[in-house]
Each structure stands twice: as structure tokens, then as C-alpha cells.
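Engineer: Please work from the sequences and hints to get the whole structure.
Just so you know, the sequences run in chain order A and B.
Those letters in the first sequence? Residues 1 to 175, per the numbering used here, in order.
Those letters in the second sequence? Residues 1 to 202, per the numbering used here, in order.
Restraint-style ranges between C-beta atoms, simulated for each label pair:
id, chain 1, residue 1, chain 2, residue 2, range
1, B, Arg193, A, Gln152, 36 to 46 Å
2, B, Ile24, A, Glu35, 35 to 45 Å
3, B, Leu188, A, Gly72, 43 to 53 Å
4, B, Pro192, A, Val137, 45 to 55 Å
Some chain B residues close to chain A (C-beta under 8 Å, calculated; not the full set):
id, residue
5, Gly35
6, Ile68
7, Asn79
8, Met109
9, Gly113
10, Gly120
11, Ala127
12, Ala134
13, Val144
14, Leu152
15, Val182
16, Ile187
17, His190
18, Arg191
If you are wondering where the hints come from, they were derived from the structure by calculation, not from laboratory data.
We put the CB at the ideal spot given by N, CA and C, even for glycine.
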Amino acid sequence: MSEIPALIRVFAYLSLLTVGGGMAAFPEMKILTVEVHKWLTFPQLIHLYSVGQMAPGPNMMMIVAIGQWAGGLLGALIVLIAFFGPTALLAFIVARGWKKLEKWPWRTSIQQGLAPVSIGLLLAGCFTMAKGAITGVETAAIAVGVLLILMQYKINPALLVLAGAVIGVLSFMPK
Amino acid sequence: MSDAALNPTVEALHAAAPVTQASIAQIFLEFLIIGATSFGGVVPYLRGSLVTKRHWVDDKEFVEMLSISQSLPGLNATNMAILVGEKLRGAVGSIAAIIGICLPGAVLMYIVGIFYRIHGDHVWITAALKGVAAAAVGLILSTVVSMSKKSLSGKFDFVFIALTVIAVNRLHLGVPRTLIAVGLLAILFHRPRKEQKEGGAQ
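Structural biologist: In C-alpha cells, the structure reads:
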């Protein structure tokens, strides 16, 4: 139960880092949930995030599992509110004011400027995750394979992540 | 105020504008369905449901809302839920939409979390998860590629991408300081210019 205030602090903070997508917060999420608070291990974080890619809805729902581990059902609910509340409030305020900013020349500048930064944050999150997930030639081949298939064909990414599970069982099971 | 006098007006209204009336229950249910079925990325499902099926927003509005969602912190899926909910029914609409879109995935991951905690170290699960994590890395890389194709406004933007990665992964500046430093630099680089004002939209 004593973890609840920490869960609120950590996930409300992570919430504001998700510029351009949830992955932007991943490096910081690793530091705070794994190294500082030790709610789970780095491999567990990677596993939860990856499994979350097969779940429907917003793609950071794995935070619910972290909340559940650290604080039970209450922890899960607290994490959801802390992670989605602040950005939801911000989006709500902006929704009301954005129209008025239509003529503001800096609006385009902000959108154009944040685009490469959010791509960079996504890539940085990806590298952080790759350090734990890409452990050899086989895993690298799976990642590159998925990348090439997605660039070439219009296929549901969740299916490819599922295919990753099958390939994983076939290639990484101890003989 | 007779019915005969009212009816033609009502019918004319229905014919002229697509139905944009939505009850709180309808909003919640529609977003709940999206939240339960949107495997592999929410945006196409949002468009199919909100634009094509329900006509709650038109295509232009949808693109505009998506670009706002992408510039704000927060996930596209939840930001879109807030924006569309707000447009349809104000604050209560936003709350109904975000709870709807989050609920199915949250319940699922709650169960997955408990299951993983108990069975996560079985050999075949460890093997499967190794493959899943590697595939997820490929998926994120493909998102990087497609976002770069869609939302960059010049070759120089790649410098800002590189600076961001170096700041986070090499210098360990942390996301907030990186956002402020590189973000400000990039926004200033894309500052409004005279020609833009004179030339209009571009």
C-alpha cells in the first residue's frame, strides 16, 4: 500500500513525457520503475510492453500490470488515472483553445518543430528497449524481418508480434 | 407550435446535416468497441468508426484532431477520445470516450499481468516472449520510418532526430530536458518566416 504515492508521482510524471507516443517515456519509465522503485525487472518491463502491443486500445496499457504488481487493484486504477489524467486534461483545454490559435503563425512552427523531436524520442525509446530485447543474431533477424514486412506490406502489426511469439517458441526453446 | 409546422423543419435538418447528435451512452459504447477491437494500432479503427460509420467528425476534422493529438503529450488514442468526446458532448463526453477506449485493454492487461507474474518463467513462455519483444522492436522501428516519411518538413529535421537520440541515450539528459532543449531549437528553426505570411498557408 505504501507504494501508492510513488505510483502516482511516477506515472503522472511519465504521462507528460509521452510526446509523439508512449514509447517516448520508455527510457525514463525504465529508470523509474526498474532502477529506482524496483517494481519489476528490465526483462519484465520489455515483456509487458511487447505483449501490450497485441492488446487492443491505447498501446501503453501494460502500465496497468505494473500498477497491479506494485499495489493490487487500487494500484492498477491509480496508475491509469495518474498516467492518462494529466494529458487528458491538457488535451481537453487545448481542444477548447486550439481553434483560436488557427491564425497564430507559431502553431505551425511548434508542430513542425516537435515532429522530429517526437520521432527522436520514439527512436531513443526503441534503442533503450533493443538493448534488452535484441540479444543475438536470431532476435535481430526477427526485428529486421518485422520492419521489412511492415514497410513492404499492409499487414496488421499485432499479427506480426504474434508471429514473433511463434518464432520465439520454435527457436528459443531449450532442446 | 403544431406538429405539422415542426415536422418539415426537422426532416429538412436531418437531410441537410449528417447526424452529429450523440448521447453519452452512444459515445461510451462506440469508444468501448474501438477499445476492444483495435488490434495493431488505434488510428484506422478511429477513422472507420467516427468518420465512416457514425459521421461524428468529417475527414478534414479528423486529420486536424489527429495532428493536435500528435503535438500534445499523451497517446494518440486517448487524446483523440478527449477531442472527439469534447466536440460531441463537452467534458462528460470526453470522460465517457476515454474510459470506453481504455477499459477493454486495461482489463486485458490486468489479467495478463497476473498471469505473467505466476507463469512468466515457464520455458516456453520465456521463449515466446523473447520473440515477441524482438518483433515489437521491429514494429517500433517501422513506426519511426513511417512517421519520418509523413511528418518531417525537411532534410534538416534528421539532425534534430539525431540530437534527440544522442541527448536521451548517450548524454542521459532525460526526456524533459531533451524536449525543452532540442524542442526549442527545432521550433525556432521552423519559426514563422516572412514569405510564409505573405504566401498564405504554405
